[in-house]
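K.L.:
Sequence order for the protein chains is G and C.
Note that the first sequence ends on residue 109 in our numbering; no numbers are left out.
Note that the second sequence ends on residue 459 in our numbering; no numbers are left out.
No false leads were mixed into what you were given.
With a straight-line Cα cutoff of 20 Å, these simulated SDA-like cross-link-like pairs (lysine to any residue) come out:
id	chain 1	residue 1	chain 2	residue 2
1	C	K137	G	I99
2	C	K137	G	M91
3	C	K137	C	S89
4	C	K137	G	D100
5	G	K9	C	G172
6	C	K82	C	L340
7	C	K138	C	I334
8	C	K353	C	D343
9	C	K82	C	L19
10	C	K138	G	R94
11	C	K138	G	I99
12	C	K137	G	N95
13	C	K138	G	N97
14	C	K137	C	E94
15	C	K138	G	I84
16	C	K138	G	M91
17	C	K138	G	V90
18	C	K353	C	K413
19	C	K138	G	L86
20	G	K9	G	T56
21	C	K137	G	A87
22	C	K137	G	I84
23	C	K353	C	H425
24	G	K9	C	L193
25	C	K24	C	E86
26	C	K138	G	D100
27	C	K138	G	V101
28	C	K137	G	R94
29	C	K138	G	H93
30	C	K413	C	I372
31	G	K9	G	V71
32	C	K138	G	S98
33	C	K137	G	I82
34	C	K137	G	N97
35	C	K82	C	V72
36	C	K138	G	A87
Here are the simulated distance ranges between beta carbons:
id	chain 1	residue 1	chain 2	residue 2	range
37	G	I33	C	A32	46 to 54 Å
38	C	G189	G	L13	14 to 22 Å
39	G	A83	C	A141	18 to 26 Å
40	C	V270	G	F73	31 to 39 Å
Rather than coming from a laboratory, the hints here were simulated on the basis of the structure.
Just so you know, even glycine gets a beta-carbon here, dropped at the ideal spot from N, CA and C.
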Amino acid sequence: MESLTQALKVVPLNHYILLSAIIFSIGVIGVLIRRNAIVVFMSVELMLNAVNLLLTVFSVYSNDPNGQVFVFFIMALAAAEIAIGLAIIVMIHRNTNSIDVDILNRLKW
Amino acid sequence: MTTLIIIAILPIVLLYLGLFKAHKLLLPVTIAGLLLALGSAIWQWNNGAVPIYHDMMLFDNFSVAFSATAIVSTLLILMLSKGYFERISNNVAEYLAIILFSLAGIIVMVSYYNLSMLFIGIEIMSVSLYILAGIDKKNFASNEASLKYFLMGAFSTGFLLFGITLIYGATGSFNLEAIRDWAIAHPRGINPLFHTGIILMIIGLCFKVGAAPFHFWTPDVYEGSPTLITAYMSTVVKMAGFAAFLRLFSVSFGPLADFWMPTLLVITIVTLFVGNLTALYQHSFKRMLAFSSISHAGYLMFAIVALSAGSGNAIFMYATAYCIASVIAFGVLILVQQQLGGDHFECFNGLSKRNPFLAAVLTIAMLSLAGIPLTAGFMGKFLMFTGALARFQVWLVVIAVINAIISIYYYFKVIIAMYFRTAEHDELTVPGYYQFVLGVSALATLIIGIFPALISNRI
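Here chain G stands alone, though its shape is the one from the complex (with noise of 0.2 Å):
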């Protein structure tokens, strides 16, 4: 355990920072510009997984265990939420044959 946390010290915080926010920007921008409601849904795990890590290394670097037992927090209650998503996309591709987030336009002002 201790020489594990000594070879994630070797890469400086600040490239962890920053592939983090790379990984949370690519997740941003799924969620924007794709249109099928599972790879919208793959891009928000990405975003939660982007924070993960990036819990990790501040729980390594600061070494407080809080941060990763946050993680798992974050890993359980993003499992419930797949379960939920994955039933509501099933429940809407059996009403109208197609997972596509732009037919769900119909209520509009």
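Following the hints, position chain C against chain G.
P.N.:
Positioned in the frame of chain G, the structure of chain C alone reads:
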């Protein structure tokens, strides 16, 4: 803590009742359980709470007051649910259980003392709401509301989490007090991690409470969901979002008010104008209520922009008035929808002839939402505006008063339709429990409006 435990166990009991086909017992057990939870919440009042479970939760007067209002509003809404869920499907026990699970999340949200609890509370609440928005599985609008709410909710959770992570990176803790101490120790300069974190958390929370420019999901979700669920989302959930917002900013980010105040000021003004101006153009009463809930989010933001010791009190007063009035509005809307089959303003034509009681309570609700004196809504707006004036936000108050005047137009449109238009409809029947809920809510609106000291200045 007992409150939270009762509310977490109650839905499991309900699921068992549903399993053993005891459908007659569902609602009585729910109401009894919620009353028990309410009693145990009020029991906690003023007993010098300290943070418990390694500073994870704090059940102080702030949390007790908001928990109690959330429970009372949920009770009122659930009493309206008699005979409502049966029209959708037979799984009534599940629907009630999911509403109560989300209430458990709300109790966590109003009593967190650690950012991890904030996240867990928001997620428990939201995940339940994604399901509730889509319970009308055959209805396309309900499907759409559910998917939109889900995608937007998950998206905003990402922002909230990234914000929490950056703040953790800067301060090394999730504890609200530790974050405040760090902020006091670093008063000068911009820390890229910490200040970006604050902005990202503002974005995430504004998504959750439906403040402009992050409001675009609100009207669609509120219109598409079943009306009873909309009532729950636009009252209890909105209030909990603001309670969580206020606790974070008053405890942790208070010392940095100069940094985030301009951002929130702009958000408040945009929210007020977007909510009120778009509500003017609506033909559907339900959609009008959705936009009016956006504008009320703008008024509620006042207390956070003008952060002071009285902010909790102002939000409590305003949210209570807003919740009670909205319960009436949605209750009447459910009856009109069920018996006339529509939610357009024309459906309310001549309601005063067909049922004077409904017309009277809806008038009280609309007056309260518009903020006319002698109703609870006026006292709420009064507290918000005096709080803002105390912080020299004169222009903000001027803009808000202009918006309050605009809002009178669309609220009075309903009153005019009810009293001055005629229509060829039959009489509306009002079931006994509806009469009870609507009557009690209307009475509470008037009593709080005339004797505001009953609930103000308590937190």
